[in-house]
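First to last, the sequence lines map onto chains P and L.
Taken in order, the first sequence gives residues 61 to 141; the numbers are from my numbering.
Taken in order, the second sequence gives residues 281 to 735; the numbers are from my numbering.
Some hints could be false.
[As the list claims (entries may be wrong)] Per label pair, the in silico range of CB-to-CB distance: (1) P:PHE82 with L:ASN489: 49 to 57 Å; (2) L:LEU698 with P:THR124: 54 to 62 Å; (3) P:ILE85 with L:ARG413: 49 to 57 Å; (4) P:PHE82 with L:HIS678: 55 to 63 Å; (5) P:ILE85 with L:GLN599: 56 to 64 Å; (6) P:VAL88 with L:GLY616: 56 to 64 Å; (7) L:THR642 with P:VAL71: 53 to 61 Å.
[Said to hold, decoys possible] EDC-like cross-link-like pairs, simulated, lysine to aspartate or glutamate; straight-line CA separation at most 20 Å: (8) L:LYS378 with L:GLU410; (9) L:LYS336 with L:ASP473; (10) P:LYS72 with L:GLU681; (11) L:LYS378 with L:GLU356; (12) L:LYS669 with L:ASP639; (13) L:LYS568 with P:GLU131; (14) L:LYS669 with L:GLU623; (15) L:LYS336 with L:ASP324; (16) L:LYS613 with L:ASP628; (17) L:LYS330 with P:ASP65; (18) L:LYS311 with L:GLU335; (19) L:LYS630 with L:ASP518; (20) P:LYS72 with L:GLU335; (21) P:LYS78 with L:ASP327; (22) L:LYS336 with P:ASP65; (23) L:LYS614 with L:ASP679; (24) L:LYS619 with L:ASP672; (25) L:LYS378 with L:GLU335.
Hints listed in this document are in silico derivations from the structure and should not be mistaken for laboratory results.
Bear in mind that the values here come from a model prediction, so they are computed numbers and not experimental data.
We treat Cβ as the ideally placed atom computed from N, Cα and C, and that holds for glycine.
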Amino acid sequence: MGNLDQHRQIVKQLLDSKAVDFTAIGKVVAEAGPSLSLAEDPGDFFCGVNRIFIRVYRVTDPGTPVENLGELAGSTGVLQG
Amino acid sequence: MRKTTQRQAEPGTWDQHDLLRRLCHALDIAKLTVDHLAANGYADTRDPFKNIRPEKIIAETAVLLLAASSAISHKEVASRIHAIAGQLVPHARSDRAKIGLCLEPSVAWDYALPHVCLSRIGYGDPVFDELLRLSLQAQSHAGRERLPHRMLEQEWAAMGWARSKHASRPDALRLARLSALHRPMDLLAGTRDDLYAFTHALMYVTDFNLNPAPLPRPRAVLLAEAEAMLAWCLDAQDYDLSGEVLLSWPMTGRTWSPAAAFAFRVLAHVEDQAGFLPTPSTRVDEAKARTGVERIQYLLATAYHTVYVMGLLCAMSLQPGFPPPAVLPVSDKKPGSAKRILEFIDADGKPTHWRDEFDQLTGPQADALAGFLLHIALRRKTASRDFGKLYDLLNVAHDLELADSPAASQAAELLERLAAYSRISANAQRLPLEDASLGTSSFVQHDAEGQQATA
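In isolation and in its complexed conformation, chain P is listed as follows (with noise of 0.2 Å):
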C-alpha cells in the first residue's frame, strides 16, 4: 500500500470515528476568522494557501516499553537463532 493510500485509510478511519468536532471547529474559525483575515501577518495569510488550520501528526508513543524479554523469546519463533 502507497503513503497516499495510507493517508487516505488513517483520515477515513479519523473521520468514521466521529474524533474530530468540525461543529467547534467551525465555530471558532467563523468567530476568530474575519479579524485573522485583515491581520497583517507576512507571508502567511488566513485566506491563503499557506494557513493550515488542522494538522494530525503521527506521535510515536516514548512510553511504550520494550516487551519483557522472556516472553518475547517465547513467542517469536522465526526470529530465534
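Position chain L against the provided structure of chain P, taking the given hints into account.
Just chain L now, kept in the frame of chain P:
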C-alpha cells in the same frame, strides 16, 4: 532463548565466534525478510502505522550486505551474503525501480541504492547502470532539496557507483561540514531525528570503513557527544538508535571507551535474552493474535530493522583490531564515583536492562562508567524539569571531576539561561514592560501573533 553471551575469560577482545554468530543470525533474518517482504513490503491490516514499503526493506538489506562484506573472509558470512544477494537482485532491479529512474531522476540514487550496494559486492548489472546514467544526465536530476545527511547519502551512493574501492570523495568533507557531525549536538533536548541525522551522516562519511572520508571534527570530540547520546538511548531502551550510535566507535577507529564497551555488553545481553534485539514495535499479544505466514510477516516487519543494526555492529566489530573489549576496562575515576551518581538515578525507581548488566560489574568497572551514569542522570533531570536536582548533580560531577563532558557543559549553560530568565521575569513583574531591560523583540511579537492565528 539462545545461548548466553560468550566472553573470553581473560582481558582481551570480544570472542570472534560470538560476533560471527550474531552477524550470521542477522543475515539469516535478512534472508527470511527478503523471502517474505521484499516483493510487496508489509501491510498490517490492524495497524497501518506498521506498514513498510518494499523499497525500504530492499535498500536496508542491501546496505547490510555491503557492510557485512567486510567480514566476507569468514565462509559462513560469505555463503549467506551470496545467497541473500542472489535473492535480492531481482527486487533491487525490478521494473518498479527501473521505471522510477525514468520518471523521477531527482530521486535516482534512492531507486539505485540497492543496485549500487549489490554492485559493490560483485553483483553488477550494466543494463541498470545505463538507465541510471541516463537518469543522472536528466536536467532535473539535482532538483530535490535535501537535508545534509541526505546529501551525504547521495554522495555516498555516487561514490559507491564509481566502483573503485578507493574512489576519491572530494565532496564528502564539504557536505559533512554542513551536517550534524560538524557542530555540537543538543545533548539534553535533542530528538530522535537529531540522533538519526548524526548516526546516518557518520555511516555515509565512514562508508562502514570500506572507503572512509575525513571526519569534519576530531574522533574524540564526536565520540564525547556520541557517548551522551548512547547513554540516553540505552536508558530509553531504544535499541535501534543505541546500536546505530554505538556504530560510531568501530566505524571511526579501534578503541572503545568503557561506556561503549558496556553498551555493547548490554545489547548482546538483551539479544541473548530475547533471541533478537527488540524494539517496542514487536508486541507479544499482537504476535500471538496471528498465525502462520501472517505471524511470521508481522514478526519480521516489526523486528528486522533492529536485527540488521546488530548485524552492522557485529560486522564492523569483526574487522581485525576493531572488536570491543571482552572485559570492561577500568579507569582513573575516583573510587565511589558511580555510587554517588547512582543516587540521582535510583531515586527515579525506573527498571532498565542496562542496570541488570551494570549490577554485575566490579567497583572499579562501575566507577569507570561514572561519566555514562552522569549522562543518564543529566538527561533524566532535564526531561523531568527537575532543575534543582540538575544543579546538585552538576555540583557532584564537579567534585568527581566528571563535569568536563559536553553534556555537563550544556547542562551548566541551561541553568545559566534559566537563571537569566528568572531575573528577567522578576524584573518584568516589578517594572512596566516598556521599562524592562529586555524589551519585546519583533520576533517575539511576530511569534505571538502567529500562535494566536493558529490557535
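- Is the Cα-Cα distance between LYS630 of chain L and ASP518 of chain L 20 Å or less? 15 Å, holds
- CA of LYS311 of chain L to CA of GLU335 of chain L, is that 20 Å or under? Status holds; Cα separation ~16 Å.
- Message: If I claimed the Cβ atoms of PHE82 of chain P and HIS678 of chain L lie 55 to 63 Å apart, would that claim hold in this structure?
- Response: Holds, at about 56 Å.
- Message: Between the alpha carbons of LYS78 of chain P and ASP327 of chain L, is the straight-line distance 20 Å or under?
- Response: Status holds; Cα separation ~19 Å.
- So does PHE82 of chain P sit 49 to 57 Å from ASN489 of chain L, Cβ to Cβ? 55 Å, holds
- Message: What's the verdict on LYS330 of chain L and ASP65 of chain P, does the C-alpha distance respect the 20 Å limit or exceed it?
- Response: At roughly 14 Å apart (the allowed maximum being 20 Å), ASP65 of chain P and LYS330 of chain L satisfy the hint.
- Item | LYS568 of chain L paired with GLU131 of chain P [C-alpha distance capped at 20 Å] | Within the cut-off at roughly 11 Å; holds.
- In this structure, is the beta-carbon distance linking THR642 of chain L and VAL71 of chain P contained in 53 to 61 Å? 57 Å, holds
- LEU698 of chain L paired with THR124 of chain P, Cβ distance criterion 54 to 62 Å: 31 Å, violated
- Item | Pairwise hint evaluation, ASP639 of chain L against LYS669 of chain L, where the allowed Cα distance is 20 Å at most | 24 Å, violated
- Hint consistency between LYS336 of chain L and ASP473 of chain L [alpha-carbon to alpha-carbon, up to 20 Å]: 17 Å, holds
- Message: Tell me if the beta carbons of ILE85 of chain P and ARG413 of chain L are separated by a distance inside 49 to 57 Å.
- Response: 51 Å, holds
Hint violations for this structure: numbers 2, 10, 11, 12, 16, 20, all remaining hints satisfied.
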